[in-house]
Amino acid sequence: MLGIEETADDEAVRAAYLAAVRRSPPDRDPEGFRRVREAYEAVRDEERRLALRLFGPAPLDRLEALLEAMPDERRHVGPGPWLDVLRGDR
Amino acid sequence: MSKRDKRPSHHRPVQPLTSPEESRVRVESLIASGNTRGALDLAKQFFKEARSTEAEALVIAAYEARIGEMLAQGLYDEATALAALVGERFPAHRHRIVPLVRQSKAIAAGDLRPLLAELAAAARPRRQEIEAILTRELRDPRLLADADALAADEPLRRAARAVCDLFAAVTSGPLPEGALAALDQVSRHSPLAPWKLLIRALDAYYRRADGVALANLDAIPPHAAPARLVPVLRHLIGEPGALDQRSPAVGALIKAVSGGRTLLRQHLLRLGRALEARDPGTAVAAVERIMPLFDFEPVPVKRIFTATVLQHWYRLNLNLTPLVEALRRDRRDLDWQRETQRLIALTLERAGAWEEALLFWDGYLTAATRAGTLPAAGRAPARVLLHMAELFPAEREAVLDRFCVASEEDLEALIRAGELPEYLDRGRLLARARRVDPDPRVFQALVAHWATRDPRLAEAEAEAWRQARPRDLEPLLHLVRATERRGAHRRALDLLDRAEAINRVHPEVRQSRFRLLLASAERRIREGRFALALADLDRLEKEPVATSGDTSAYLGAVRSVAARRSGDGAAAVRLHEELASRLGNGTMLALILSSVAESFGLEPPDAPGPASPAETVQALARSGDLFRALDRPLAVPPALLARVEHDLSGASPADLHSLCVGGLYMGRPALTYAASGEGLASDGPLLHRFLLARGRALAAAASRRERDRAVLCLRAARELAGRARDMDAVRDASSAIDALARPHETAPWPLRVPVADTEPLATEEIARLITAERARRQVPTFTAEKARRKRQRAPRRPQRDLFDDFFAFLKKNR
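Each protein sequence line maps, in turn, to chains E and P. With the first sequence counted from 1, adding 83 to any position gets you this note's numbering. With the second sequence counted from 1, adding 368 to any position gets you this note's numbering.
The hints are simulated quantities; they were obtained by calculation from the structure and are not laboratory data. Accuracy of the hints is not assured; some may be wrong.
[Said to hold, decoys possible] Below 20 Å or equal to it, Euclidean Cα-Cα: the simulated EDC-like pairs (lysine to aspartate or glutamate) are:
1. K670(P) <-> E89(E)
2. K623(P) <-> D93(E)
3. K623(P) <-> E607(P)
4. K670(P) <-> E88(E)
5. K670(P) <-> E147(E)
6. K623(P) <-> D167(E)
7. K670(P) <-> D167(E)
8. K670(P) <-> E151(E)
I would like the entire structure built from these sequences, with the hints used as guidance.
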């Protein structure tokens, strides 16, 4: 969610949090902001990060929840792979 | 003739011929209208009848048109075969047919140059045929954009350049606002129209406007070249079953665009279905396919998946071995091997399998510190060791039962003899934690561990804590209490001085000073040193604690005992009268005097006269608060207790709350139950406190049903306390819930009762619970004191059999 490394320090976590809040401001994307805030609360200080590293993560109630937590990625890969499909079956 | 030619023809039937001129006109008309089959039939009929040069030219023209149409329809094999036949039959016209064959083969090979060369000069209907071929065969718009055969300003080439640029742009990054306007030059009849729709669909897909994307995909004709991407895009959008077949290029595209998540999604769904059907074979196969896909994901996602699948697997009571093999597929990834061990430990502890969890934690800690993933000393290993210590059941007997030993000494002997692993010695775990990180949390756990087992060791740990962190107040307060308890008052006062040097106004420091002085006064009365005792009492009355609540009444009662013991009966009577006037409650006076007298082995004063229910309730509530604050025993006549439990009408919420707490302090859950019931009868700011008290009283009930009720009350109390920001109550409720956790009797694994359910209760659920509790009048049966269980050989637990297999597997793989 915050896109930080496991070794990130308080400063890096805070910076990542602020960047995420800019992407999901509470007034325009309350749900996104809630998720960002939750993620930040879990890693905001060293003690919490250590607890998460040693005793996390909590399992999800449903396997499907993992899918919900991972929205499908839509990467821009340039025209090549798309054209390969069009040319591929000759 | 191909099968396609056998299909019922929709063209007009050929009319009988009347003249050569008319035949020529009609054939050319049919060709122009696109009915090439009809034109060919008519031309062949005319040729058969006339056998003239003119008729031969007409039939050749009809063949050309027919072959062109077949090419436009993508019937390359058929067109090539027909052209070959025509070339054989009319060798003089082969020069006209050969280019058609060549063009057919080139198009089939994806080379559109001959076609584009022809397009430059083609007139209708040939131009339409060529455009139809382009619609179907143009698999890269750059072929058209770069076609030198077409003039640079040719509209189709210009449009192709725009399509080409936009296609590259839309697949490479978000399109700028208004970029799609460049597609306006592409008409809906253009061979580039399907590309226009594809670009719009791609733009919508990347903007996550899936409805728009699908609408554009729907509009792409199925025979158009871009239609090959329609099922792929549908699949990427998440339409189930959109993709029947998957070529390597399609697989690569999906993986590149979705980062493997589409595939991951499919396998996760398959795994979910397999688990639902309790089909471990299919589930393991799904896990085997899923694990490599996590190579593209952040490590935390892989961990969440592993923790989740382990949890589900465990709940379903399936054999863990094949799952763990699948999870630890890459034997070279030692970090992940350790992570799996840690995640298995967490799964086991969540299910209450504490001993097995300890085994895995120990394995993880050893492997992680050996590999350097965790440092050998410091906070991280200390946290793991503390965590391991916290896994032991709160009831020591449960540990002893588990290993069929009578005492902790026996257990330690087995550990010393090497018959049991070291990690089963909780004290050793904590001592290890202290060695690697002498942190207050570790010391706190150590002191708490030994406090109930060996107070001398607890004192020694508190002393070590004090030495390690001289500014910490907590070890000093523990030492004050410990030394006070064993009668070393001088030492206790010395320690208290040190505590006061750190924080004189700390409530517990003040309370300790007061308690110590009071103990000193009481000791001196017992020793007959009344003057010194009275001096102590004088000092006590000047302490800030003496002014709170009814503390001064207690001091007065102690003075009266001193007077009685010194033979000054008049002074004792005077003190009683003063106290009676100060308290304004005869029952309370009697409770205080009799409890204090009893603690000195004196006869209690005469019982007071009959009192009103309100006075009795208040007396018990206030006395309970007083004696609890001073940590002194309160002696309550059973008849008085019974009277209060049966008639609490008119008691104030504050008194009811005092009775709730007092009942628990005195070990009288029935009193707490009754007082909390009365408190719950009306709404108010203490509602969550009454729910907490009700839950704690029910926790002492004998039946499972009442204990389940207790869990609900405690969860509701915790929720309401959180909303009221009463964090003490939140903590009390949480620890009471934790204490209620117990192995589930029916589950194949020792799952805990649903107290682990951390979901907060909804407002409606809480309201229903309060209504139900208000309606419950019958007092449950409470277990006065848990009878010490006779130590029996613990029955072999069923999950052990399942583990045997798993442990054997682990031994092999560790």
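Here is what the structure says about each hint:
A C-alpha spacing of about 14 Å is found between K670(P) and E89(E), which places the hinted pair at or below 20 Å, so the restraint holds. About 35 Å separates the Cα atoms of K623(P) and D93(E), which puts this hinted pair outside 20 Å; it is violated. Straight-line distance between C-alpha atoms of K623(P) and E607(P) comes to about 16 Å, which keeps the hinted pair within the 20 Å bound. With a C-alpha separation of about 15 Å, the suggested pair K670(P) and E88(E) falls inside the 20 Å cut-off, and the hint holds.
A distance of roughly 14 Å separates the Cα atoms of K670(P) and E147(E); the hinted pair therefore holds under the 20 Å criterion. Proposed proximity of K623(P) and D167(E) is supported: the alpha carbons are some 13 Å apart, at most 20 Å. A threshold of 20 Å between alpha carbons decides the hint, and for K670(P) with D167(E) the separation of about 31 Å lies outside it, so the pair is violated. Of the pairs offered as hints, the one joining K670(P) and E151(E) holds, with about 15 Å between alpha carbons and a cut-off of 20 Å not exceeded.
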